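A.B. asks: For the sequence shown, full-length UniProt numbering assigns the number 1 to the initial residue and increments by one for each residue that follows.
These are calculated hints, taken from the structure and not from any lab test.
Fair warning: this is a prediction, and the values are worked out from it, not measured in the lab.
Just so it is clear, CB atoms sit at the ideal spot from N, CA and C, and this is done for glycine as well.
Hints may be right or wrong, so weigh each one.
Said to hold, decoys possible - For each label pair, taking beta carbons as the anchor points, the in silico distance ranges come out as:
{"no.": "1", "residue 1": "Asp75", "residue 2": "Lys336", "range": "20 to 28 Å"}
{"no.": "2", "residue 1": "Lys232", "residue 2": "Lys65", "range": "37 to 45 Å"}
{"no.": "3", "residue 1": "Pro186", "residue 2": "Gly256", "range": "18 to 26 Å"}
{"no.": "4", "residue 1": "Ile83", "residue 2": "Gly329", "range": "42 to 50 Å"}
{"no.": "5", "residue 1": "Thr214", "residue 2": "Ser69", "range": "52 to 60 Å"}
{"no.": "6", "residue 1": "Ile83", "residue 2": "Ile24", "range": "28 to 36 Å"}
{"no.": "7", "residue 1": "Lys227", "residue 2": "Thr264", "range": "41 to 49 Å"}
As the list claims (entries may be wrong) - Straight-line Cα separation of at most 25 Å, PhoX-like style, residue types lysine-lysine; simulated pairs:
{"no.": "8", "residue 1": "Lys115", "residue 2": "Lys66"}
{"no.": "9", "residue 1": "Lys68", "residue 2": "Lys5"}
{"no.": "10", "residue 1": "Lys155", "residue 2": "Lys115"}
{"no.": "11", "residue 1": "Lys232", "residue 2": "Lys5"}
{"no.": "12", "residue 1": "Lys148", "residue 2": "Lys176"}
{"no.": "13", "residue 1": "Lys148", "residue 2": "Lys227"}
{"no.": "14", "residue 1": "Lys227", "residue 2": "Lys155"}
{"no.": "15", "residue 1": "Lys155", "residue 2": "Lys232"}
{"no.": "16", "residue 1": "Lys159", "residue 2": "Lys227"}
{"no.": "17", "residue 1": "Lys252", "residue 2": "Lys232"}
{"no.": "18", "residue 1": "Lys223", "residue 2": "Lys176"}
{"no.": "19", "residue 1": "Lys148", "residue 2": "Lys68"}
{"no.": "20", "residue 1": "Lys148", "residue 2": "Lys115"}
{"no.": "21", "residue 1": "Lys155", "residue 2": "Lys5"}
{"no.": "22", "residue 1": "Lys227", "residue 2": "Lys179"}
{"no.": "23", "residue 1": "Lys232", "residue 2": "Lys159"}
{"no.": "24", "residue 1": "Lys232", "residue 2": "Lys148"}
{"no.": "25", "residue 1": "Lys248", "residue 2": "Lys227"}
{"no.": "26", "residue 1": "Lys115", "residue 2": "Lys68"}
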Amino acid sequence: MDTKKVVTFGEVMMRLSAPGYQKIVQTANMEVRFGGSEMNVAASLANLGMVAKHVTVLPDNLLGKKAKSFIRKLDINTQNVIISGNRMGLYFLEKGASMRSSQIVYDRENSAFEKLDPDWFDWAEILSDANWFHWSGITAALSSSAAKACLDAVKMANKLNIPISSDIYFRQGQWKYGKLPTDVLPEIASYSTVLLANELNMRDLLGVEFDEETESFEDACRKTLQKYPNIKKIVDTDRQSFSSHHNKISSKLFDGSQLYESETQEITFIIDRVGGGDAFLGGFIYGQLNLDNDLESLNFGTAASALKHTIEGDFNLASIEEIQNLVSGDISGRIKR
1 MDTKKVVTFG EVMMRLSAPG YQKIVQTANM EVRFGGSEMN VAASLANLGM VAKHVTVLPD
61 NLLGKKAKSF IRKLDINTQN VIISGNRMGL YFLEKGASMR SSQIVYDREN SAFEKLDPDW
121 FDWAEILSDA NWFHWSGITA ALSSSAAKAC LDAVKMANKL NIPISSDIYF RQGQWKYGKL
181 PTDVLPEIAS YSTVLLANEL NMRDLLGVEF DEETESFEDA CRKTLQKYPN IKKIVDTDRQ
241 SFSSHHNKIS SKLFDGSQLY ESETQEITFI IDRVGGGDAF LGGFIYGQLN LDNDLESLNF
301 GTAASALKHT IEGDFNLASI EEIQNLVSGD ISGRIKR
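All chains, please: the whole structure from these sequences, using the hints.
C.D. replies: What follows is the structure, given as structure tokens:
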């Protein structure tokens, strides 16, 4: 089996989290890690034995050096990491417990990535040997220049016939540069091959007419594929949250003619929920490039996401064997010797 190559694009942030389940107001120390939606996807794929290249901008200081070293240790290619500026985007995490929710505070304005120049990236060269490209709406939200770089990337990937996955879930509060998500994301998403979206994203962001009382996910997908012909598949995840530590997750995909639904995975002791969606996408992309069909990709991605919830940090470190064991129904947690 040929090793496939995936390119991702997005900001890498420093994560500062209260130890254990302490509240931020009570802690005297913060644990330092790094993460970011697209880099998390790259980390999952590198961990699964694929060649992953992450394109980003890091500040020209000790924090940027530490972040780049961190990325390299994940076996992610840093050839197209630009060093410029002096500010690292941050986020602060307070992990919830039982009925108390986790909380995140972002501090990423004026970061090195936000101030990137789209001309820094030669996408024809960056994508020349890629088998897949991934971006998210979080990146396009940060600045007009980041959105322009995203658009340049998907146009080139489309020109090179490289599959493109787009996570268009977005955070409204991050759009602070005078544009609305509806001004920016539909055009970038229109170049996608695979879209991660729910019914409301398709209606409110992509302009698809949808009645949530009378129409289904499949109905919304059919209309979206008709409006955006480059998109071939739409995937989404479902989550039932019983407490901070107990969730059920599943996923679904519509390919234009058939709806596929994954097995449901129940997680009864969540260690770290951050990055669960990115772990799903990493597993799903792995499946699209290496497994036999869409249902296998969904089940692999869902199992990967479930296992990520048991791992500290922003990205998934579960092995192919661990994921396949969970897909096959092994939830025993027995010691492996």
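A.B. asks: All hints are to be evaluated individually against the structure, with a verdict given for each.
C.D. replies: Do the hints match the structure? See the list:
About 23 Å separates the C-beta atoms of Asp75 and Lys336, a value consistent with the hinted range of 20 to 28 Å. Separation of Lys232 from Lys65 is about 40 Å and conforms to the stated range, judged on CB atoms against 37 to 45 Å. Against the hinted window of 18 to 26 Å, the Cβ-Cβ separation of Pro186 and Gly256 comes to about 19 Å, which satisfies the hint. For the hinted restraint 42 to 50 Å between Ile83 and Gly329, the CB-CB distance of approximately 47 Å keeps it satisfied.
Separated by about 53 Å at the C-beta atoms, Thr214 and Ser69 satisfy the suggested range of 52 to 60 Å. Roughly 30 Å separates the CB atoms of Ile83 and Ile24, a value that falls within the hinted 28 to 36 Å. At about 31 Å, the beta-carbon gap between Lys227 and Thr264 misses the expected band of 41 to 49 Å. Using a Cα cut-off of 25 Å, the hinted pair Lys115 and Lys66 holds, with the two alpha carbons roughly 20 Å apart.
For the suggested pair Lys68 and Lys5, the alpha carbons sit about 20 Å apart, so the restraint of at most 25 Å is met. For the hint pairing Lys155 with Lys115, the CA-to-CA distance comes to about 21 Å; that is within 25 Å, so the pair holds. Taking the CA atoms of Lys232 and Lys5, the gap is about 21 Å. The hint holds against a cut of 25 Å. Between Lys148 and Lys176 the alpha-carbon distance is near 15 Å, which keeps this suggested pair within the 25 Å criterion.
Restraint check for Lys148 and Lys227: the C-alpha separation of about 22 Å stays at or below 25 Å, so the hint holds. Using a Cα cut-off of 25 Å, the hinted pair Lys227 and Lys155 holds, with the two alpha carbons roughly 18 Å apart. With a CA separation close to 16 Å, the supplied pair Lys155 and Lys232 stays within the 25 Å bound. A C-alpha spacing of about 20 Å is found between Lys159 and Lys227, which places the hinted pair at or below 25 Å, so the restraint holds.
As the CA atoms of Lys252 and Lys232 are separated by approximately 14 Å, the hinted pair is consistent with the 25 Å bound. Restraint check for Lys223 and Lys176: not satisfied, since their Cα atoms lie roughly 30 Å apart, outside the 25 Å limit. Of the supplied pair hints, the one linking Lys148 and Lys68 holds, its CA atoms being roughly 24 Å apart against a limit of 25 Å. A hinted pair counts as satisfied when its Cα atoms are at most 25 Å apart, and Lys148 with Lys115 qualifies at roughly 12 Å.
For a cut-off of 25 Å, the pair hint linking Lys155 to Lys5 stands: about 18 Å separates their Cα positions. Restraint check: the Cα-Cα separation between Lys227 and Lys179 comes to about 23 Å, which is no more than 25 Å; the hinted pair holds. Taken as a hint, the Lys232 and Lys159 pair is honoured in the structure, with Cα atoms around 16 Å apart against an allowance of 25 Å. For the hint pairing Lys232 with Lys148, the CA-to-CA distance comes to about 24 Å; that is within 25 Å, so the pair holds.
Under the criterion of a C-alpha separation no larger than 25 Å, the hint pairing Lys248 with Lys227 is inconsistent with the structure, at around 32 Å. Pair hint Lys115 plus Lys68 holds up; C-alpha atoms about 18 Å apart against a cutoff of 25 Å.
Figure legend: structure checked against the earlier numbered hints; hints not met, in rising order: 7, 18, 25.
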